[in-house]
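Residue numbers (the numbering used here), protein chains in the order written: chain L, 1 to 114; chain X, 1 to 114.
Think of the hints as simulated: they come from the structure by calculation, not from any bench. A hint or two may mislead.
Claimed, not checked - Just so you have them, the derived chain L footprint on chain X, three or more residues with Cβ under 8 Å:
{"id": "1", "stretch": "38-46"}
{"id": "2", "stretch": "102-109"}
Said to hold, decoys possible - Using 25 Å as the maximum straight-line C-alpha spacing, the simulated PhoX-like pairs for lysine-lysine come out as follows:
{"id": "3", "chain 1": "X", "residue 1": "Lys77", "chain 2": "L", "residue 2": "Lys42"}
{"id": "4", "chain 1": "X", "residue 1": "Lys68", "chain 2": "X", "residue 2": "Lys56"}
{"id": "5", "chain 1": "L", "residue 1": "Lys83", "chain 2": "L", "residue 2": "Lys57"}
{"id": "6", "chain 1": "X", "residue 1": "Lys52", "chain 2": "X", "residue 2": "Lys77"}
{"id": "7", "chain 1": "L", "residue 1": "Lys42", "chain 2": "X", "residue 2": "Lys68"}
{"id": "8", "chain 1": "L", "residue 1": "Lys42", "chain 2": "L", "residue 2": "Lys57"}
A virtual CB, placed ideally from N, CA and C, is assigned to each residue, including glycine.
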Amino acid sequence: EPEVTQTPSHQVTQMGQEVILRCVPISNHLYFYWYRQILGQKVEFLVSFYNNEISEKSEIFDDQFSVERPDGSNFTLKIRSTKLEDSAMYFCASRRTGSTDTQYFGPGTRLTVL
Amino acid sequence: GDSVTQMEGPVTLSEEAFLTINCTYTATGYPSLFWYVQYPGEGLQLLLKATKADDKGSNKGFEATYRKETTSFHLEKGSVQVSDSAVYFCALTVPNQGAQKLVFGQGTRLTINP
Chain L
1 EPEVTQTPSH QVTQMGQEVI LRCVPISNHL YFYWYRQILG QKVEFLVSFY NNEISEKSEI
61 FDDQFSVERP DGSNFTLKIR STKLEDSAMY FCASRRTGST DTQYFGPGTR LTVL
Chain X
1 GDSVTQMEGP VTLSEEAFLT INCTYTATGY PSLFWYVQYP GEGLQLLLKA TKADDKGSNK
61 GFEATYRKET TSFHLEKGSV QVSDSAVYFC ALTVPNQGAQ KLVFGQGTRL TINP
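Model the full structure from these sequences, guided by the hints.
Right under this line is the structure:
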């Protein structure tokens, strides 16, 4: 069964450094998402991406964040200058199409900012 | 804005006990409702969903009925197993509204003791 994959599973970085989190969505899916979950808190929407552009973003997704689909298979989230409060689990999700289609999630990348 | 409220956890039960995890929602449109499960060390997996009022979603012995009159989508299972120990998230999305991002509840940690 096709699945969403994410790499790395765990990333440790120093405050102020740039990180890129990578995702490979399911191949025939058209909508892509990033969510994050700070330890002990809710899963929060960050951004959605469709047709090679951002379709919606949350207040969390400020100028430090960017997304890209560089090669037709990968979907990346970049954090330009990490802060301590960016430490969280980051989940990628994809959806095929249609208003009731399910979002399928990857296993997540745990980002630790020191 | 749209929101989901789940019962506070953690919940600890004995094997074969009856499970209910309450979930209520607030939405501006007509949401689709989901339960996702997160097993230890893994990502979010769709457990079940319902897309319109009075629909019942079911999977792996779990059930939830979309109740528009009470804006609820409570998760139930008649006889839980140790393997059901996980964190359960109630979520909604509003079809045909923007990117159809998922809005999650805070999650309920369930532990089943043998």
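Hint check:
no. : hint                 : result
1   : 38-46                : holds (count 5)
2   : 102-109              : holds (count 6)
3   : X:Lys77 with L:Lys42 : holds, 23 Å
4   : X:Lys68 with X:Lys56 : holds, 12 Å
5   : L:Lys83 with L:Lys57 : holds, 19 Å
6   : X:Lys52 with X:Lys77 : holds, 21 Å
7   : L:Lys42 with X:Lys68 : holds, 24 Å
8   : L:Lys42 with L:Lys57 : holds, 17 Å
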